[in-house]
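Using the sequences and the hints given, assemble the complete structure.
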Amino acid sequence: MKINYKILFTITLLVVMVVIPGMPRADVIVRYLLWAFLIITLSSGWNIIGGYAGQFSLGHSVFYGVGAYVFVMFFHSFKIHWALSILIAGIFSTITSVAIGIPTLRLRGGYFAVGTLALSEVMRVWANNAPEVFKGGVTGIAVTLPEGWSIIHSYYLMLNLTVIAIATSYFVKNSTLGLKLRAIKDDEDAAEGLGVNVLTCKIVALMLSSLIVGLAGATQITFTAYVSPDSVFGTKRSLEMVLACLLGGLGTIYGPIIGGALFELLARILWGFPHFHLLIYGSIIAVLIVFEPRGVIGIADKLKHILRLKQFLKVNSIARGR
Amino acid sequence: MLEGVNISKFFGGLAALKNVSFSLNKREIVGLIGPNGAGKTTLFNIITGFIPPSSGTILFKGKKLNGLKPHKICRSGIARTYQIVKPFSNLTVLENVTVGIVSREKNRVSFSKARSEALEILKLVGLENKESVLAKNLTLMDKKMLEFARALATKPEVLLLDEVCAGLNPTEIYRAIQLIKSLREHGITIFWIEHIMRAIMTVADRIIVLHHGEKIAEGPPKEIANDSRVIDAYLGEKYLLG
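Each protein sequence line maps, in turn, to chains A and B.
Position 278 of the first sequence, counted from 1, bears residue number 1091 in the working numbering, the numbering being contiguous throughout.
Position 86 of the second sequence, counted from 1, bears residue number 89 in the working numbering, the numbering being contiguous throughout.
Hints may be right or wrong, so weigh each one.
Below are the DSSO-like pairs computed for lysine-lysine, each with C-alpha atoms no more than 27 Å apart in a straight line [as the list claims (entries may be wrong)]:
#1 B:67 with B:21
#2 B:75 with B:64
#3 A:1123 with B:133
#4 B:158 with A:986
#5 B:67 with A:986
#6 A:1117 with B:133
#7 A:986 with B:75
What the simulated footprint calls covered on chain A by chain B, stretch by stretch (three residues with Cβ under 8 Å from a Cβ of chain B suffice, anywhere in the stretch; the number is not a length) [to be verified]:
#8 993-1001
#9 1009-1018
To be clear, the hints were calculated from the coordinates, so they are not data collected in a lab.
The structure presented is a predicted model; accordingly, all values stated were derived computationally and were not measured.
Where is the CB? At the ideal position from N, CA and C, for every residue including glycine.
Here is the structure:
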């Protein structure tokens, strides 16, 4: 029987992730993984609309923030169970995405990107100026976690969400919806002319995407225990998930995983240079877009090609007796 | 089958189409010719819903198509190809065709069945050996054949062809003509824009001539070839005397 290495690798990785918190002195790794899970979830979610469908949203912080604030409202103010609050947050985030998607998804290319970018700033400014809606106002609010809650709980919660996000990403990619989204990315008019309901497909993709991002926005409260307008809304938040996705590889399942893990690692290394980290992020993205828009996945692909070519030339020269 | 009544289209003050009427009968091949800028592609864009007409109605099997979105019109049974080919570049040939199949409203099939149906269609147009090639890597001829295949995937009753022979060499034109003839055998009605007269004159049952947005002639190919207004439109007045 042929061993399926992909499945074997996935299972091994999962088992490692599950047992890591039990290891001695795993604290630093757990902390790193927790944040890496968050960024992986976010960029996997963003990838559905941004990578597969090619709709370059720069407004996903809106869904992230709505998820976070709705969670705080239900969990902190209404004292509803945390699991239920997370689900409600996800639903609210999805509803927001429909309201945003119906007008903005009619825009194309750069116009959609700029439109959603504007929305993400509008939300940040609104949240900063409307303490009656966004609890805590500008200074934000500390959230009391359930008794006995520790980072390990958050770790497993986040791990679950990450698996859900990646699985969703996988199923979308291999579904008819995924095929239609990729067609839309290449040529919207041709897709529409072939009977693809372009607007509906884009809205469904945005809904799935915002559901994942909204759930993540709610879940991160369980380990940050704090929410403020500037911590969840705004361009910086929107860009993070896009950058992680670009770093790994746009429109692929593995891209956001590799990209997210690298992004978090980079963030931790650059922690010590508070004024340089943005400069370095920017340079990396600029270099990637110019030389390898497909990110790490693209670089790996190229290497594979070069290796195969070398192999081919070697075999050829042997055959010619040189 | 498909009918257009008094269609006009104005782009600002410019009349791209002026009171053009046409009608296609089932299993007919109708050619649409005319000099550059005559409004042929505009007419196709209006039929398929990509641009709204300024006035006039399109009827398909007695039902009005005006105001429907392009994907609805496609699902009702009108498919088209594009003059400038529009393949989904980063999808494989097979995936390109599958998109059309999974987007149908009638004759729905499962995803795996859709793939095998796509293979059948690829065989029909002669692309079966290139099913896993990315569409952007195809030659022009193959891209045109892919346009055909994609349109056929939607199970159309009427197929609008926009210059499928342009840019092809004589052998390839012959292949395209054979394909178009075979489609008629499958019961598909064809509305065909073409500049290559040798191709269209031999295949079409009837030809409609547009000039400056107006229909100036309609009839069997032989009549059209000798029509003085048509020669005037294509070659200019002075050639008429000779």
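Against the structure, the hints:
no.: 1; hint: B:67 with B:21; in the structure: holds, 20 Å
no.: 2; hint: B:75 with B:64; in the structure: holds, 15 Å
no.: 3; hint: A:1123 with B:133; in the structure: holds, 26 Å
no.: 4; hint: B:158 with A:986; in the structure: holds, 25 Å
no.: 5; hint: B:67 with A:986; in the structure: violated, 37 Å
no.: 6; hint: A:1117 with B:133; in the structure: holds, 23 Å
no.: 7; hint: A:986 with B:75; in the structure: holds, 25 Å
no.: 8; hint: 993-1001; in the structure: holds (count 6)
no.: 9; hint: 1009-1018; in the structure: holds (count 3)
Hint compliance for this structure: hint 5 is the single one not met.
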